[in-house]
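Protein chains in written order, with my numbering: chain V, 1183 to 1441; chain L, 4 to 420.
Just so you know, these hints were derived from the structure itself, not from any lab. Just so it is clear, the structure is predicted and the values come from calculations on it, not from any experiment. We treat Cβ as the ideally placed atom computed from N, Cα and C, and that holds for glycine. What you were told as hints is all true, and nothing was included just to trick you.
Not everything, but these chain L residues come out facing chain V in the computed CB check (under 7 Å):
hint, residue
1, 109
2, 110
3, 111
4, 113
5, 293
6, 294
7, 296
8, 336
9, 416
10, 417
11, 418
12, 420
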Amino acid sequence: MTMQNDDKLILGGKEFSSRFILGSGKYSLSLIEAAVKYAGAEIITLAVRRANTKDHENILDYIPEGVTLLPNTSGARNAEEAVRIARLARELGCGDFVKVEIMRDSKYLLPDNAETVKATEILAKDGFVVLPYMYPDLYAARELVNAGASAVMPLASPIGSNKGLAAKEFIQILIDEIDLPIIVDAGIGRPSQACEAMEMGAAAIMANTALATAGDLPLMAAAFKAAVEAGRKAYLAKPGRVLTRGASASDPLTGFLHN
Amino acid sequence: MENSFFVDSENLSEAALEKKHRLENDPSSRTDHMKYMDGMEIIQSDICEKVMSRVKEYDYSQYTARDVIAALEHETCSIEDFKALLSPAAEPYLEQMAQRARAETGKHFGNTVYLFTPLYIANYCGNYCVYCGFNCYNDIRRMKLNMEQIDHEMKVIADSGMEEILILTGESRAKSSVEYIGEACKLARKYFRMVGLEIYPVNTDEYRYLHECGADYVTVFQETYDTEKYETLHLMGHKRVWPYRFDSQERALMGGMRGAGFSALLGLSDFRRDALASALHVYYLQRKYPHAEMSLSCPRLRPIINNDKINPLDVHETQLCQVICAYRIFMPFVGITVSSRESESFRNGIVKIAATKVSAGVSTGIGDHESKYSGKESDGAEGDEQFEISDSRSFDKMYQDMSGEGLQPVLNDYLYV
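Isolated chain L, as found in the complex:
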């Protein structure tokens, strides 16, 4: 079964519709997704080859219960063990995996859980990624906050108690320039202890500039590591270039960022191979940049505005839990974020096993924190959401709930040095 992603808006011009349909139906009308576009830096890294050669040879149907049991008995989880834990053969051992994962989490993180919130400052996008609410053909209310509006949004969030913020934009260099994002980072440093970025991939010198503006963590979702599938989902725009995106975290680290976040969007392609690739991406980069702080997110596909049928297919909560436990056992030191795409009950459960970071007070829309936080009618325009969230708990509620689960919420564990 596949998701059906294509939606035509009646507001598109005939020419736009025609181009859209051509991109959707005629692969030859699309650019080469493995070829860098002008201005994209090439860093000659060996990481991609290391990761993808391992992923290519992965046949998860080969693993048996015996491999899974052995993996759980080994003190250190090897790549082979990890592959077994990701395989279907591991599903009956989910409880044992969770037990082991919890022990590893305890050793490295104790009973702490970090809280953060995302702030979308613009939803303009130059890409046509068929599953994303921000895609350039999707008919949504577009908006870009000016500095005054960003300041206001940040104040509202900071007043709620939050100390870590993740700044996001749609992927449009034209509408949301690096300088614009840099200014937002400088503002964020006023209100928050820690500033992360989830924006379109940029070059090393631009990451360095953003670091100097106050950001220290960069998250880039690869969406899928399956290049052929990727080509059919990212039909137009800079994001279409798969290898430039792959090397984003490495460029960020080269640019002086302290840490990097990784993820595949589970449900786009074969989730086991994507989970393997995500983890190995972290694994090999950590060996090359041992000081870097790495984190993994585990998002699944969600419905978007104008397409409420999008779903994560075969990645049910059980499979997601298996992936997260396998990540934890393979890389006990890595931060694991579980976003508001997941339900309250799932998030409450998974923080006790392996997740170390959850978002709260989330809006994936633009300029709507005041109305969402206070219930007060907004007097300004608001931009539409990137996807539908599932867990809408406020900061206070999340703080109470996490404490109630016996966990110690942590708002900041970071110094900008």
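Isolated chain V (complex conformation):
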């Protein structure tokens, strides 16, 4: 068995052993605890607008040491606002990581790729490690690469929907074509879906609602940890016939050449 201990997720020059990232949509202190303790999360997303609070239960006070904060720009409706929120996060002491998310639709909360590319370019030039949340479109993903993104974060399905890999085919294209880590974000509702995304070659998955709304938080967190690890191992193991895309015929089609 060649499961490597050196199989690290590298973002902005920083190494991570865990490939499960906790999203920020719904939070509670018990959720953060479960994500770190049982899901092994080393990166926790933080909505800057949520951290913009005084003394009552500031989420910043509950982030354990050693965990990397990934502030996001939720609430931004265009590139300019995203840039301002990212800079505010840096001032708050959240570090240089930033997840760009720009929504101009309050109903579905779908990301605006064009504005996201603009913000990514400005922030990358400003020294941020930019992880843009995007709608899985190949052209936009290429532009994000050119803009200086450190990873690309396509949504799997509408945020909060728990519908899983609705955009599976398009995420696979990004995994195949983009030379950056592809982190699947939004819509992952079950460990099995997280596992499938990892098996496809995603570098990491981000989830929130699936944990936040689970009956037993610690147990669900542990299930995600196991699922992400299983999917990663399967990907590294290079899936055999059953798992590859399309079946292969047991009798070679080119056998006639040798007859």
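Starting from the known structure of chain V, fit chain L onto it as the hints suggest.
Coordinates of chain L only, in the frame set by chain V:
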């Protein structure tokens, strides 16, 4: 059955009483409620027509149990489904509606609940709205806080821990000018993370000014979408103009506000039609302004000073719960506020189903936060309340109670950008 709203104060002059009675008894003495007054901006919007044509054709007696069951089975709730959920046929399915509503709330908001408090800075009013404690003929202690007093009130509230404030005034442009409200917003930005407004409707450029002063959310209650009923309840003043009020949220969004709040005051007219209209008002505006953050309130009529008989008629807690569940299922993304008009037990229950925002530490009076928060005798004058509240829990108590219900209280989720 109807509420009896008319109350005569002995302190009114004979001329005032005579005018009041004329307005009450002689419809021809009242102005045309569909005609804009001078200075009111007309924005040529298509939203009103879209909403009201749907409301007009709504006959809720047509819906059956079968329609309700189908609505609950559909993954996406259509307007037709929503109409079924608002109908009497849905009442036996309230528990199923609540289950579905809770699932939708969980998807969009998790287990969070937002806390805020209103701050009334003036109760002068130029309108005669027969059900409202602030109406210009109601004999109450009037007051308008000056900037120093507002600063003090805000400090008292901020010290309690609150981070979101809703600034309210009575509807008098003469007594509470846009500039006065703007200055209050600037003060509020010092103490609070988020500032909302519930004031008389203004024009787009005035909303833009107030946004620049620090406000980002505007709530305007339409009271009732039934224009004929509206005419009989809002007898005098700017508020009498129904269409100008209807377009308020759109003007606010055009003026750069981030979000808008909507509501009918349930109990004034047919609550099912009013609930349909409120929701469609949000629905169509959201399609036109997809970035805007929309919220719905669900107030019911309450007793006021000098008239303790006012009540929400046929809108009992069961009906209110049905309306709120239907709102949630139809528009999972919308914020739903349940105010202190409702009882503690109702609010504790509804936040676990569909409501996402509750007020705490509420006073609907003027300049009385210190005495109400600390129990300390106030050394200054105080203005009377707009209506009687039902749930008087303090911020701390509400915070504890919401946590105790398994919810995560959130004080702010907003950045002024």
